[in-house]
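**Q** Those protein sequences? They're chains A and B, same order as listed. With the working numbering, letter number 343 in the first sequence gets 343, and the count goes up by one each step, no holes. In the working numbering, each number is its position in the second sequence, counted from 1, plus 583.
Check before you lean on any hint, since a few could be wrong.
What the hints assert, rightly or not - 25 angstroms max Cα-Cα, derived SDA-like pairs, lysine to any residue:
id, chain 1, residue 1, chain 2, residue 2
1, B, Lys657, A, Arg488
2, B, Lys635, A, Tyr319
3, B, Lys659, A, Gly497
4, B, Lys657, A, Phe185
5, A, Lys581, B, Lys734
6, B, Lys657, A, Asp191
7, B, Lys635, A, Phe579
8, B, Lys661, B, Ser609
9, B, Lys657, A, Phe177
10, A, Lys489, B, Glu610
11, B, Lys635, A, Gln498
12, A, Lys138, B, Pro626
13, B, Lys617, A, Phe177
14, A, Lys583, B, Leu637
15, A, Lys583, B, Glu628
16, B, Lys635, A, Arg488
17, B, Lys635, A, Phe177
18, A, Lys448, A, Leu295
19, B, Lys657, A, Val180
20, B, Lys659, A, Lys138
21, B, Lys598, A, Lys448
22, B, Lys598, A, Leu295
23, B, Lys661, B, Lys635
Just so you know, these hints were derived from the structure itself, not from any lab. Remember, it's a predicted structure, so these values are computed and weren't measured experimentally.
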Amino acid sequence: MKVTIDKKPVEVAPNTTVYDAAKQIGIDIPKLCYMNLEAVGFKNHPAGCRICVVEVAGRRNLVPSCVTTCTEGMVIKTHSPRVLNARKTVLELILSDHPKDCLICPKSGRCELQDLSVQLGIREIHSVENAEMSTYRKDMSPSIIRDMDKCVMCRRCETACNVIQTVGALHAVNRGFMSVVAPAFERDLIDSPCTFCGQCVAVCPTGALTEVDQTQKVIRALADPAKTVIVQTAPAVRAALGEEFGMEPGTLVTGKMTAALKEMGFDYVFDTDFAADLTVMEEGAELLGRISKFLEGDKNVKLPILTSCCPAWVNFFEYNYPDMLDVPSTARSPQQMFGAVAKTYLADKLGVKREDLVVVSIMPCLAKKYECQRDEFKVNGNPDVDFALSTRELAHLIREANINFKALSDAEFDNPMGESTGAGVIFGTTGGVIEAAVRTAYEIFTGKKLEQVDFRELRGLEGIRMATVDFNGTKINIGIAHQLGNARKLLDGIRSGQYNFHAIEIMACPGGCIGGGGQPLHHGESHILQARHEALYREDAQKPVRKSHENPYIKKLYEEFLGSPLSEKAHHLLHTHYFDKSK
Amino acid sequence: MNTTVLQDCQIQTIKDICASFDNQASELINVLHKTQEAFGYLPAEVQQVIAKELNISVAKVYGVVTFYAFFTMKPKGKYPIAVCMGTACYVRGAEKIVDGLKRELDIEVGGVTPDGKFSLNCLRCVGACGLAPVVMIGEKVHGRVEANQLKDILAQYE
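This is chain B alone, in the form it adopts within the complex (with noise of 0.2 angstroms):
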């Protein structure tokens, strides 16, 4: 498992997030929420520090954290895309939408392109079915995307 060393800032940053919540036990997935998006990502030591403020085992954060596929131990690209595989996408060709990336980004669902610039996932509707099928970019959302469109769509992220 890749270490990583944590900060000081960095430390007090989830401190500061978890005595936000008043440190309860029960804001754990607040707090991973808030983590998440301050961090990108969730790394074993940030899971850490969160279980000792929060008085509670790092098993059961951990835990939290592969329960839900919201929650990530790998960093993300720079502009994270995530796929709707919700039912009207899905049946709209979402799927030709995933491997169209996989070839255009070269990478797996769930990976990262090298540079760091990428990265893949899947998620289950956002609420856009009339759009459908449904790519977000970072805060994006591209509607009604077609396989051929993908290369046009990933140059206007620099």
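Chain A with its partners taken away, still in its complex shape (with noise of 0.2 angstroms):
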């Protein structure tokens, strides 16, 4: 099919849509509510906002191009007066009910409505003197942060709340200028089924949706000379952060990363892929068991064993599955396996009083945040983890701190929980958890040594994946799923008796970790996903220790510290109970 766009003709497939079809030809038009990840099958077109209009020959009004498919001989013009004229005024009538505060707004400098109000040069508001403004409560939770003043309606996290992640928490609400996005009855998240996987965030436009800010308090215990200060590096940060300081996606900054901590002023910078190798043994140990007691006949075996690493997913679960809450691992997340390592046998070879020891974490998640907020997390009031930091916070510390990050030369983690494995490193994306847990097993269980540890099968962005493994003999089914509206899919099915699984491994985010609700943000870009996924698999190959339970640092921990996987210690320290949140 061959249309015409600003005077040069493509060739596009039946179906194609005229937005589409000037990407071909490296068109950009302008949008706002349209997002289409492809990768993992995230798309919004309400057809809402009407910035996308464009002009086509033989018709009397402008169309949207996201939702106008292309017909033969169709001609497109992108940028006529008429279409420019129209988007200022879509533009200037959105802004006439948006807050103008972006001087001190969170999302100031990758606001999508900022850019597009710099891109069609708005110099001017045409508004009443004195109009009426819609407002709203603001909604603080543990994670998120809803400042509904900035609400454009272009309704991307109703998209991701309930077609992607079916957790269903948030929907537009109301009508004309009242109208909002919101839980039920206009409740804070809290007193809603809001998971906190932040996908909602990850997608938002503006300032409406963003991220609990953590970063002045972290630089106020850093500043007091009576604490010490730690920090732990999830996996899939490195695979982010440099996006952040316009470095291609998929550069990993494990190094930089390093060394602009320490440069910060942390005392130790620790790696949470060395309590990923502690997951690994204790969430293997687990598994093994179960599948032993499986194979030995026992009926009442709860099989299969669901991973517990991603606090959304757990949360996720205690609210839709609480009829299932002994089938996941009891194996607390990486997150707090380090900081209950951390606060415990760590302080001790410190010789620092808990309490004064500050546990900071970063992560790709905003879950972390209510994670660690979790009473079953704490001592005597005391966290393990005291705060959570998204890589955006990260980021924005790094530049508050005025560190020139592309120039740091690499720095090491410290020693003793700063030592990983290529196990550790891949727990950040899809996939991953499982892969590493399949490594150590299969050694404990077929007491054989494993010649080929990259299990490809495992691998992949597909949203639902499944594999068996063979464990000399033994066949383990193996399920995958990544965002929650897939791991709703599998769970219905197990709940039916229509799978057969011994593992299955579930993160909340797309991609996994590496697209968290606490990461760059990927507008919208499929590839961004990608190479970050490539990424980790990237410092997978790189590293000498590829399997967990090889992780010196692990060895010594088990011998001076916890005695052996699920021991009395361990289980104390590293495993946990679930709740049932559906009332």
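Take each chain as given, in its own frame, and dock them per the hints.
**A** Structure, rendered in structure tokens:
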């Protein structure tokens, strides 16, 4: 099919939208509500904002390019005076009901509305003097802030929450001037089914949805001479942080990130990957325990075992599957394992009192902020992890500290909690946790050395994947899902007896933690997720040790402190229990 | 927010209404209509049961309830009053009628009298423009209403 866009001929496939056809020849039509994250099936196209309008010869009205399909011989103008005029008017109307406090907005500098205003050269907003503005109560949760005065009703968050995650916390409510996206009965997020996955924040074009910013608290802790401040960095952060400083997506900045944290004055810079290795030891032992019992004919054993590293996923099953609370692994997430070990084993080693040790974690995730405040992860009110910062917050901190990130020389993590294996690294992407677990479980189960550590059948970005791994004659069926909507499909299948898995890995976000709600904004570019995904496997391949149980510091931790996986001490510090949150 | 505790038989009523529409999510608006008919209004607790029965989020149910002016989360009076504010009624003085009713009943539009007898709402065109201005009380249509008749009309309702 042939169409003409801005006098240039384009050959397009049937059902191509005008927006996509223009993109084919390098024309990026301005947009606000439209977002298409193809790699994971996220598509938001309510055609509500009318920024992407174009002129089609022979049609009376301008058409929204995001939902208009090309027809044979269509002649399209994307920047005729009429189009430019309409676009500007539409944007002015949107801005007329939007706060003008850009200077102090947490989204300033990465706001799509602000960018659009710059691109379209808005210099004044023709609005009635003292015109009414729609205002709403600010909603502060432990993870996410909803400041709906800044909502432009693009409804991307609604698509993320309902279509992708099937959480159903958010929906458009009311009508006309009072319409807004909100939880049922306009309650707070904390009183809704919200899992704090942060995917609404990840797609919000404006400052309506942002994370709770804890950077100033961390700066204060760093300045306090009475405190020893340590930091752990999650695997997915190193594959994305560089983007905040203009580096190519997929650039690994492990060394620079470590150097920046040392520069900022953290007393020790450790790695959550170390705790990921520890998670493999505990979760792997639990998996093997359940499988062995099952093979011996125990009918009461709960299979499949579900991974429990992802706090949004934990919130999701606590709310939606209270009848299955004994199915997931009891292993805490790596963030919390790190915190528990740091405030006991490490505090002892350093000779620091628990209250004087501040544990900061850098996470690609907003649900981690909620997780570290859970009561079960506190001792006498003192949390195992004090502050969980997102990748974006870390970037803010680095900028605020005036550190020239790109010019930093690589630095190494500190010990004893900074050494990790390739298995720990791939925890940050979908399929990684289960591959890491398989590498260790295989050797322990079969007693044989695993020669080929790459399980390519477990990798990829498809929403639901299934594979069978041969444990020396015993077939282990594995399921993998990322994004909570896919998790729901798998869970419903298990409930109805449709699937027969031994182990299932679930991550709440698109692509796993690499696409977490705390990561640098992807603005709908799928290739960014792909690049981060590949980066982690690259780091894994470079690691000298690639199986968690071979990590020398993990061995030492068990020898000196924990005893063995699933020991009483390990249970106390590294495992947890779940709650029915459906009521 | 006031909480309403639903009795088992009330929950059963909602379940039956949902079942009569095969628990289809696409029938949400019909289910809400029938439920409001049965209860007079749609409090949060009722919406929660509907969401569960139709397997959709409460946020979605609430979104639909707040979108359509017909649905209400506040209980209506024994005799719900609806003043037509359509074009014909409006030009023939519907606003004066609304003001008169507000004064007479001492409530705002959307409110209910303390004794629960009357509630006051506005709507758009009941299709009886020839009788403008029109006031509906319950199912009964009062046509060519004038402000000075309001007292007598209200007195008809015990």
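**Q** Does each hint hold? Answer for all of them.
**A** Hint check:
About 35 angstroms separates the Cα atoms of Lys657 (chain B) and Arg488 (chain A), which puts this hinted pair outside 25 angstroms; it is violated. At most 25 angstroms may separate the alpha-carbon atoms for a hinted pair to count; Lys635 (chain B) and Tyr319 (chain A) meet this at roughly 13 angstroms. Proposed proximity of Lys659 (chain B) and Gly497 (chain A) is contradicted: the alpha carbons are some 47 angstroms apart, above 25 angstroms. Only pairs whose Cα atoms come within 25 angstroms are accepted, and Lys657 (chain B) paired with Phe185 (chain A) is accepted, the gap being roughly 13 angstroms.
Among the hinted pairs, Lys581 (chain A) with Lys734 (chain B) is inconsistent with the structure: their alpha-carbon atoms are about 53 angstroms apart, more than 25 angstroms. With a C-alpha separation of about 22 angstroms, the suggested pair Lys657 (chain B) and Asp191 (chain A) falls inside the 25 angstroms cut-off, and the hint holds. Straight-line distance between C-alpha atoms of Lys635 (chain B) and Phe579 (chain A) comes to about 20 angstroms, which keeps the hinted pair within the 25 angstroms bound. Between Lys661 (chain B) and Ser609 (chain B) the alpha-carbon distance is near 31 angstroms, which puts this suggested pair outside the 25 angstroms criterion.
Among the hinted pairs, Lys657 (chain B) with Phe177 (chain A) is consistent with the structure: their alpha-carbon atoms are about 21 angstroms apart, no more than 25 angstroms. Between Lys489 (chain A) and Glu610 (chain B), the direct Cα distance comes to roughly 23 angstroms. Compliance with the 25 angstroms bound is thereby established for this hinted pair. Note on Lys635 (chain B) and Gln498 (chain A): the hinted pairing holds, with a Cα-Cα distance of about 23 angstroms set against a maximum of 25 angstroms. Straight-line distance between C-alpha atoms of Lys138 (chain A) and Pro626 (chain B) comes to about 24 angstroms, which keeps the hinted pair within the 25 angstroms bound.
For the given pair, Lys617 (chain B) sits about 28 angstroms from Phe177 (chain A) by alpha-carbon distance, which is inconsistent with the 25 angstroms threshold. A C-alpha spacing of about 18 angstroms is found between Lys583 (chain A) and Leu637 (chain B), which places the hinted pair at or below 25 angstroms, so the restraint holds. Restraint check for Lys583 (chain A) and Glu628 (chain B): the C-alpha separation of about 13 angstroms stays at or below 25 angstroms, so the hint holds. At roughly 16 angstroms between alpha-carbon atoms, Lys635 (chain B) and Arg488 (chain A) fall within 25 angstroms of each other, so this suggested pair holds.
Distance restraint check for Lys635 (chain B) and Phe177 (chain A): the Cα-Cα separation of roughly 30 angstroms exceeds the 25 angstroms cut-off, and the hinted pair is therefore not satisfied. Between the alpha carbons of Lys448 (chain A) and Leu295 (chain A) the distance comes to roughly 19 angstroms, so the proposed pair stays at or under 25 angstroms and holds. Annotation: proposed proximity of Lys657 (chain B) to Val180 (chain A) holds, straight-line Cα distance about 21 angstroms (limit 25 angstroms). Restraint check for Lys659 (chain B) and Lys138 (chain A): the C-alpha separation of about 31 angstroms exceeds 25 angstroms, so the hint is violated.
Using a Cα cut-off of 25 angstroms, the hinted pair Lys598 (chain B) and Lys448 (chain A) is violated, with the two alpha carbons roughly 58 angstroms apart. For a cut-off of 25 angstroms, the pair hint linking Lys598 (chain B) to Leu295 (chain A) is broken: about 44 angstroms separates their Cα positions. Taking the CA atoms of Lys661 (chain B) and Lys635 (chain B), the gap is about 29 angstroms. The hint is violated against a cut of 25 angstroms.
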